[in-house]
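Enquirer: Chains as they are written, first to last, in my numbering: chain X, 1 to 312; chain P, 1001 to 1312.
Just so you know, these hints were derived from the structure itself, not from any lab.
Glycine included, each C-beta is placed from N, C-alpha and C at the ideal position.
Hints should not be assumed to be uniformly reliable.
Partner residues aside, some chain X positions facing chain P, computed with beta carbon under 7 Å [unchecked claim]:
| hint | residue |
| --- | --- |
| 1 | G42 |
| 2 | Y82 |
| 3 | A97 |
| 4 | H99 |
| 5 | V101 |
| 6 | Q104 |
| 7 | Y110 |
Cβ pair distances, simulated, as ranges [as the list claims (entries may be wrong)]:
| hint | chain 1 | residue 1 | chain 2 | residue 2 | range |
| --- | --- | --- | --- | --- | --- |
| 8 | P | Y1110 | X | A21 | 46 to 52 Å |
| 9 | X | G109 | P | A1190 | 42 to 48 Å |
| 10 | P | Y1110 | X | Q114 | 28 to 34 Å |
| 11 | P | M1001 | X | V142 | 57 to 63 Å |
| 12 | P | D1027 | X | A81 | 24 to 30 Å |
| 13 | P | P1182 | X | A81 | 23 to 29 Å |
| 14 | P | Y1110 | X | V69 | 49 to 55 Å |
| 15 | P | Q1124 | X | A21 | 51 to 57 Å |
Protein chains: 2
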Amino acid sequence: MRIVSLAGGIGGARFLRGLKAAAPGSDITVIGNTGDDITLFGLRVCPDLDTVMYTLGGGIDEEQGWGRVGESHVVKEELAAYGMEPQWFGLGDRDFATHIVRSQMLAAGYPLSQVTQALCDRWQPGVRLLPMSDDRTETHVVISDENGRRAVHFQEWWVRLRASVPAEQISLVGADEAVPAPGVLEAIGAADVVILPPSNPVVSIGTILQIPGIRAAVEDKTVVGVSPIIGGAPVRGMADACLTAIGVETSAQAVLELYGSRLVDGWLVAEEDKGVALDGVTVEARPLLMNSPEATRDIAAAALALAHTLRA
Amino acid sequence: MRIVSLAGGIGGARFLRGLKAAAPGSDITVIGNTGDDITLFGLRVCPDLDTVMYTLGGGIDEEQGWGRVGESHVVKEELAAYGMEPQWFGLGDRDFATHIVRSQMLAAGYPLSQVTQALCDRWQPGVRLLPMSDDRTETHVVISDENGRRAVHFQEWWVRLRASVPAEQISLVGADEAVPAPGVLEAIGAADVVILPPSNPVVSIGTILQIPGIRAAVEDKTVVGVSPIIGGAPVRGMADACLTAIGVETSAQAVLELYGSRLVDGWLVAEEDKGVALDGVTVEARPLLMNSPEATRDIAAAALALAHTLRA
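Next comes chain X alone, as it looks inside the complex (with noise of 0.2 Å):
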């Protein structure tokens, strides 16, 4: 079975272990969202695609869900002791290797799509990773502080502010221009199934479907969803935030309208929602918390059995 996930960091990347593991041997190609990704200390850091390919490879910190298990920050404390800002941004010096040699590699010239590749042959991931395009895209947010009303970039909304100033606008800048990476259009539309992993549907599935193309292809495949919102609250992370953001309430009800029928085909949502419906749509409502790599599994397999109900 040919298999596309959409992702974006923490939870995108613990479905894909339990979507691996409902599907082995299937050919498992994940678009990683690049809208988080940021330069720090002039080094190219791509968190999402960092957190899919060390979470499947084996190289997570389990604990936090993000970075690298056994990591210190010596590298973060002495740029620190130099005076060097940021320092709200975690790096720690394993996962600095990581960005120097994507750095190293992306000013020689190569894509962000070979660089992850050229990652990827150390991790292992067991699937096929791509960026969402090799186009410089940045996810930035308007807020209103102390400062005045600016824009700021995605991450120093959500690390460094924890999302507690709200957001009044989130756009990605330079989505226009960009084209999804070599492989992307391929990969949907040689796809029998694709899979919303329970990933933020505003700044991670939502800045995927932004890249010119890539809407309209997934739109064209058996397509199901998994709820990030279980009881009005989201799984983990801030989608409230977010959702608020847009004008979308917190409500698996509405995600599923956000993504719309055009583009969802089945959506599974948790027990508790299961009087969400929208015409067009199959809703299963089953237990969503993936609280264990066999509870995870079985949500993958659950949105698999769903989307070959559907292509039946």
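Use these hints to put chain P onto chain X, whose structure you have.
Expert: Okay, now just chain P, sitting in the frame of chain X:
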């Protein structure tokens, strides 16, 4: 007293520590060799400047003579896990931070002299540390080995090959077009005395003197040099391999002749080299082993005392 000292790496840095102790309250400007600089993993590494900065700033690994005390090597191991080359250059995690700061500032358009000053803001070396030039120059070494006759970067010959393959030629690529960094000629012009520490006469002091304008400026001053050769062998390092490459004998006499009487006014040699002589140069024999901070301070004091006599 206004003192200018040219300097290479380990030997120069240790001598400078003695010089600071011998001349408290003096205004010391150090002109550092940058011919050894190398770009590794996309980061600009300035081994000699850093060795001086760390040594005088209290951050050096005393035993090793270079690199940071209490160093770890996580980043290097991770880069090796990605298959990145070269693996023969020992960069520690603390040291990486220095190169990250430097590279980011260089990329932002700051000249190396300003970058060095910014790094020294943290280290407070107690001297004014200037790179010989803000222009990029690189010492290349012509060797013949199983891969044929070719030029390699100085560091590849020095660190990877440990100077075990004879150097057929040593040249500073880019020297002709380089200009002294801001403040270099001014500091030499204003100096009461110029000191040449027992640094490598070919690839450290010799390199600095190749930047157009520096040699002439130094020749105008009272210059005292400390022989880097004691009884036919280098005090430290592999100066003999460098001297052989340029057809100069490894002796205190030959190095003095290499510098010449136009450049040097006073020359300190070890007691076993007391026969050394050159017209127009005052030679003094005394213990030259820098085997303790006190011994090193006394050597520097002797150099300053000789300079004082020569100026009287």
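Enquirer: A separate judgement is required for each hint: does it hold in the structure or not?
Expert: Do the hints match the structure? See the list:
no.: 1; hint: G42; verdict: holds (4 Å)
no.: 2; hint: Y82; verdict: holds (5 Å)
no.: 3; hint: A97; verdict: holds (3 Å)
no.: 4; hint: H99; verdict: violated (10 Å)
no.: 5; hint: V101; verdict: holds (5 Å)
no.: 6; hint: Q104; verdict: holds (4 Å)
no.: 7; hint: Y110; verdict: violated (12 Å)
no.: 8; hint: P:Y1110 <-> X:A21: 46 to 52 Å; verdict: holds (50 Å)
no.: 9; hint: X:G109 <-> P:A1190: 42 to 48 Å; verdict: holds (46 Å)
no.: 10; hint: P:Y1110 <-> X:Q114: 28 to 34 Å; verdict: holds (31 Å)
no.: 11; hint: P:M1001 <-> X:V142: 57 to 63 Å; verdict: holds (59 Å)
no.: 12; hint: P:D1027 <-> X:A81: 24 to 30 Å; verdict: holds (27 Å)
no.: 13; hint: P:P1182 <-> X:A81: 23 to 29 Å; verdict: holds (26 Å)
no.: 14; hint: P:Y1110 <-> X:V69: 49 to 55 Å; verdict: violated (37 Å)
no.: 15; hint: P:Q1124 <-> X:A21: 51 to 57 Å; verdict: holds (56 Å)
Checked against the numbered hints given earlier, the structure breaks hints 4, 7, 14 and satisfies all the rest.
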